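> Quick note on my numbering: the sequence shown kicks off at 1 and runs consecutively.
Treat the hints with care, since some could be wrong.
Computed spacing ranges between beta-carbons, pair by pair [what the hints assert, rightly or not]:
#, residue 1, residue 2, range
1, V66, G95, 27 to 35 angstroms
2, T227, S106, 37 to 45 angstroms
3, A235, Q159, 21 to 29 angstroms
4, A76, Q211, 51 to 59 angstroms
5, G231, I184, 22 to 30 angstroms
6, K81, S225, 41 to 49 angstroms
7, S273, N73, 43 to 51 angstroms
8, R173, A148, 14 to 22 angstroms
9, V228, D98, 40 to 48 angstroms
10, D158, G245, 29 to 37 angstroms
11, Q242, K74, 42 to 50 angstroms
12, D98, H60, 30 to 38 angstroms
Because the hints were derived from the structure by calculation, they are not lab data. Values in this document were obtained by computation on a predicted structure and should not be read as measured data. Note that CB positions come from ideal geometry on N, CA and C, so glycine has one too.
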Amino acid sequence: MINVVSCIDGSPGAFAVCDAGAWASQRMATPLQLLHVLDKSESPARTDLSGSLGVDSREHLLDELVELDAKRNKLALEHGKLMLEAAKNRAAEKGAQDITTLQRHSSLLESILELQDDTRLLIMGRLGESHAGQAMAVGSQLESVIRAVHKPILITLDQFAAPSNFMIAFDGRSVTQNVLDTLIASPLLQGLPCHLVAVNNTSLDRGPELQAAADKLTGARFAVSCTVLQGEVQAELQAYQQEHGIDLMVMGAYGHSRIRRLFLGSNTTDMVSASTIPLIIVR
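Using the sequences and the hints given, assemble the complete structure.
See the structure below:
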């Protein structure tokens, strides 16, 4: 079964992930799956004390450590189930109807990749539990997921409200064409005003490409307005978003080589980190 998948954890932003999932599942007429992963990489490593303990105390303490591990794992499992139950109730209150929950014990990325073929839209919070309260941070696993997953990813902040409009960050790359094709094929943003915005920080004329993209969206019954800005990409997009009251941004992911990104950075990472509104990232 194809699902909208919302990744639930214990961070303050989990409510927003849940709310976004409820909204998206209704817009797309697609079941909502709430996913919680007991990440193996976050489990405390067992300490081997066998070489430092006295003969009399070694066996007793090792038994206690094994028992403590078992209790910790059981508590984490129960806590996750409670979070999923609370998320399911909240999603139902927000109007979602076909809701399932899934708890897995693996790495988050591994779980998402295994579910990818049955995922229509993935929803994650920008901050995980370990980054709660860090306004400009990006969750430690989010960038890895964006790079690896080939499904659209909706990234939420601390709160989520149904958008009344959206903007597309357009740069003419092939991935931007994927953005257009993804939007046209999905009912998620149908009927919402679309702002198609290009930032030109080179001598290239983006006008014809932008108009061709606008025509493509208009042909799919989107109401589109086009704008070409001059300057630094992140600053200009944020200024436009604030000036026009944009609720949601859609952009392509990581268009340059890994080596180029290493030295020059990435507009995708910069926007995810600095954005004050939810983003949809398309590979």
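> None of the hints should be skipped; say for each whether it holds.
Outcome of the hint check:
| no. | hint | verdict |
| --- | --- | --- |
| 1 | V66 <-> G95: 27 to 35 angstroms | violated, 46 angstroms |
| 2 | T227 <-> S106: 37 to 45 angstroms | holds, 44 angstroms |
| 3 | A235 <-> Q159: 21 to 29 angstroms | holds, 24 angstroms |
| 4 | A76 <-> Q211: 51 to 59 angstroms | holds, 53 angstroms |
| 5 | G231 <-> I184: 22 to 30 angstroms | holds, 29 angstroms |
| 6 | K81 <-> S225: 41 to 49 angstroms | holds, 46 angstroms |
| 7 | S273 <-> N73: 43 to 51 angstroms | violated, 33 angstroms |
| 8 | R173 <-> A148: 14 to 22 angstroms | holds, 19 angstroms |
| 9 | V228 <-> D98: 40 to 48 angstroms | holds, 42 angstroms |
| 10 | D158 <-> G245: 29 to 37 angstroms | violated, 19 angstroms |
| 11 | Q242 <-> K74: 42 to 50 angstroms | holds, 47 angstroms |
| 12 | D98 <-> H60: 30 to 38 angstroms | violated, 51 angstroms |
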